[in-house]
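Following the hints, complete the assembly by docking chain B onto the known chain A.
Below, each chain spelled out in residue letters.
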Amino acid sequence: MKELLLGNEAVARGLYEAGVRVVSSYPGTPSTEITEAASAYDEIYCEWAPNEKVAMEVAAGASFGGARSFCGMKHVGLNVAADPLFTMSYIGVNGGVVIGVADDPGMHSSQNEQDSRNYAIAAKLPMVEPADSAECRDFTKLAYELSEQFDVPVLLRLSTRISHSRSIVELCERQAPALKPYEKNPAKNVMLPVFATKKHVVVEKRCDDLAAWAETCPLNRVEDNGSGVGVIAAGSVYQYAREALGDTVSYLKLGLIHPLPEKLIRDFAAKVKKLYVIEELDPIIETFCKKLGIAVIGKDVFPRCGEYSQSVVRRCVLGEEPEIMQVEAAIPGRPPVMCCGCPHRGVFYTLKKLGVYVSGDIGCYTLGATAPLSAMDTCVCMGASVSALHGFNKAIGADAEKKSVAVIGDSTFIHSGITGLIDIAYNKSNSVVIVLDNSITGMTGHQQNPTTGYTIKGDPTSAVNLEALCHAVGINRVRVCDPYNLQETEAVIREELAAEEPSVVIARRPCALLKYVKHNAPLTVKTDDCIGCKRCLSIGCPAISIHDKKAVIDYTQCVGCGVCEGLCPKKAITAQEAAK
Amino acid sequence: MSNVKSVLIVGVGGQGTLLASRLLGSAMMDLGYDVKVSEVHGMSQRGGSVETYVRYGDKVYSPVINQGEADIVLAFEQLEAARFLPFLKKGGVVVTNTQQIDPMPVVTGAAQYPQGLLEQIKAQGAGLLAIDALSLAEQAGSVKAVNVVLIGAMAKSLGSEKEIWLKTIEKTVPPKFVEMNKRAFELGYAAEE
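Protein sequence lines, in the order shown, are assigned to chains A and B.
Residue 325 in our numbering sits at position 325 of the first sequence; the count goes up by one each step and never skips.
Residue 62 in our numbering sits at position 62 of the second sequence; the count goes up by one each step and never skips.
What the hints contain is simulated information worked out from the structure, not anything from laboratory work.
Computed from a prediction, not measured in an experiment: that's the story for all the values here.
Worth double-checking, as some hints may not be accurate.
[Claimed, not checked] Distance condition first, Cα-Cα at most 20 Å in a straight line; then the derived SDA-like pairs of lysine to any residue: (1) A:Lys515 with B:Lys144; (2) A:Lys550 with B:Glu186; (3) A:Lys515 with B:Glu186; (4) B:Lys171 with B:Glu186.
[Unchecked claim] With beta-carbon atoms standing in for the labels, derived distance ranges: (5) B:Lys171 with A:Asp459: 44 to 54 Å; (6) A:Gly319 with B:Lys122: 43 to 53 Å; (7) B:Glu119 with A:Arg266: 28 to 38 Å; (8) B:Gly109 with A:Ala499: 32 to 42 Å; (9) B:Asp30 with A:Val480: 49 to 59 Å; (10) A:Val552 with B:Ala123: 41 to 51 Å.
For each residue, glycine too, the CB sits at the ideal point set by N, CA and C.
Okay, chain A solo, but in the shape it has when bound (with noise of 0.2 Å):
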């Protein structure tokens, strides 16, 4: 049965076809709907872990106990991962692990742009890189092979042109190996330092091994054109180039992208008069070649920053520029904004109004940094507004203590947060720490964490209580408010600023997104009754505008929050009679 898959799906549907059982993950994108379809099938244990090092370690522990097992995760999420990555590397597997990264060249949902190969070269693991979705549920099942021949967890990388597109895929069936026996043995699985220096020499062994392997290796192939030019590429790249380029070059498509095929590179170097490396971000493949010695031509032509397409290829191997039309009058930008209805909103207009430091956070809420909420200072990682608050509040001390918090929703705040709240009650410092509890993880598509009581299949399960959680740290001041409410959460704000101890206060209201969310009727103006101040502007909400000089509310957005009805001071904001 053909069907038409996500890059996503299509590992999942790997996943499912090889066989594997557990599965670990934490959402990121573009990497979350991995998880996401491989949990629709019953055969698969699948769950969101609280971070992503939990994530790598449960695939580590499935693999102990002899299940073939996976863990996926955004190119960020490796780092927090590289801990047991490394260690892996060393330990080697019993059941097969692979581990998906999906990097995303362009930033369309990222605070960087790093490159995942290097950490295939730091850990000396093996990376494939597939093309379209056929090649995700193909390289993904083939990676299962390499990681139990080689003793090794392989590395499976995405990017969100891969993750996020939908091309054909022939579905299989399920071939489940039965679970390997497991068997007690410290020298292989315990890395004190007298194994893992024996464990050292054996992962240096595997490198050249798979070197030589990656010769001969079906992931690599050449389409040998009998041109006198030569591209080398792999991923969404090769895509591109064969778009722009068509059967005028020959190619070098990679699959194995660590460790690098040396002498399949000679040879079709050695056919062409001309090669071209193109490759996002590093230059991994082209600074390989040139150790060989080989003159290839790369980021001398090709940019370093940002996502490649067939334009940029055209532009940069045959000097071509598109032809274009263009409208006259400027395009205002369309930026991207919080959702009508959301109860970060209230929060941020609080901030601003107070004009404090806001120590910010990975999520939605990032949003509070743009216009016109404008209300947050910084944005590091995941984790870090804790952390980074109670640094700050070192640097400059007690005045900086009563005019500073830190915003962190409650997947982040569970997935590195807690730690750093550990670290102002323990060292005292008088911080104030405002957890954003919208019941969900909301940037990544409405999956469920450890606060929400819901397990990924929906079953329900135990919560982390955040209040009773923030008091067993140290935390005493905890205040619960709702961010609808605005006056509440003034209040609330201002008396934890004023506070002679650190606090934690929860903002907590449901994401309006979620189904099972009621919705009030949308709000509408009393035109006779605005005298076009535009106070209710200043909440960013996408579903009031200005026309002639008066508010208007757009009924087909508006959720009936409220939050702008208490900003207008002729009352002039109402519930409309009759909803559509």
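Same frame as chain A, now just chain B:
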């Protein structure tokens, strides 16, 4: 020569461009074409300008559409039609909803919503089909059916038969919304400027 068709679907996050691209991709696969659909997830979905690519033909390599390459730009909102006009190839057609949604810079007064966009698109020599998809969607039973109205209009522009689309709607849409979406499709298919 490649027979690949490229349809660029653009709109405002939350308008249903993803469903539109999936319907088109699925319909073209059922017609026996190779298909690639590139979607937008994550941060950029939140009320921002979104673009989704659908390409089909005998053999499709790249999943993305660059400037000067789209046979059709299907726009869910006027400003987005104008923004993505550079992606249209010579001789291509813009199918757009006439609805206007103010982006945040316009809401905050930092910019103006430009006037006369449809005329400017036409003046560039692009084919143009502009319809009031919001009214037609309401007529079909829900403002949420804007996307399916527009798919109807695009299906007509692609010169394709209705039947394959109606079947795809049955396959893709939850059962209780099938009839409403079929009405929306028919209204879009029949719409003329």
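### Query
Quick one: are Asp30 of chain B and Val480 of chain A within 49 to 59 Å, going by C-beta?
holds, 52 Å
### Query
Within 20 Å, alpha carbon to alpha carbon, are Lys515 of chain A and Lys144 of chain B?
holds, 15 Å
### Query
Between Lys171 of chain B and Glu186 of chain B, is the straight-line Cα distance small enough, at 20 Å or below?
Holds, because 17 Å separates the two Cα atoms, which is no more than 20 Å.
### Consistency of beta-carbon spacing, Asp459 of chain A to Lys171 of chain B, with hint 44 to 54 Å
About 29 Å separates the Cβ atoms of Lys171 of chain B and Asp459 of chain A, which means 44 to 54 Å is violated.
### Message
Please check whether Gly109 of chain B and Ala499 of chain A have a Cβ separation lying inside 32 to 42 Å.
### Response
Cβ of Gly109 of chain B to Cβ of Ala499 of chain A: about 38 Å, so the range 32 to 42 Å holds.
### Query
Quick one, are Lys515 of chain A and Glu186 of chain B close enough, alpha carbons at most 20 Å?
violated, 29 Å
### Message
Within 28 to 38 Å: is that where the Cβ-Cβ distance between Glu119 of chain B and Arg266 of chain A falls?
### Response
violated, 59 Å
### Task
Would you check the hint for Lys550 of chain A and Glu186 of chain B, treating anything up to 20 Å between C-alpha atoms as holding?
Roughly 37 Å between the alpha carbons, so the hint for Lys550 of chain A and Glu186 of chain B is violated.
### Task
Take a look at whether the Cβ-Cβ distance between Val552 of chain A and Ala123 of chain B falls inside 41 to 51 Å.
violated, 29 Å
### Task
Starting from the range 43 to 53 Å, see whether the pair Gly319 of chain A and Lys122 of chain B falls in it by beta-carbon distance.
violated, 32 Å
The structure fails to meet hints 2, 3, 5, 6, 7 and 10 from the earlier list, while all remaining hints are met.
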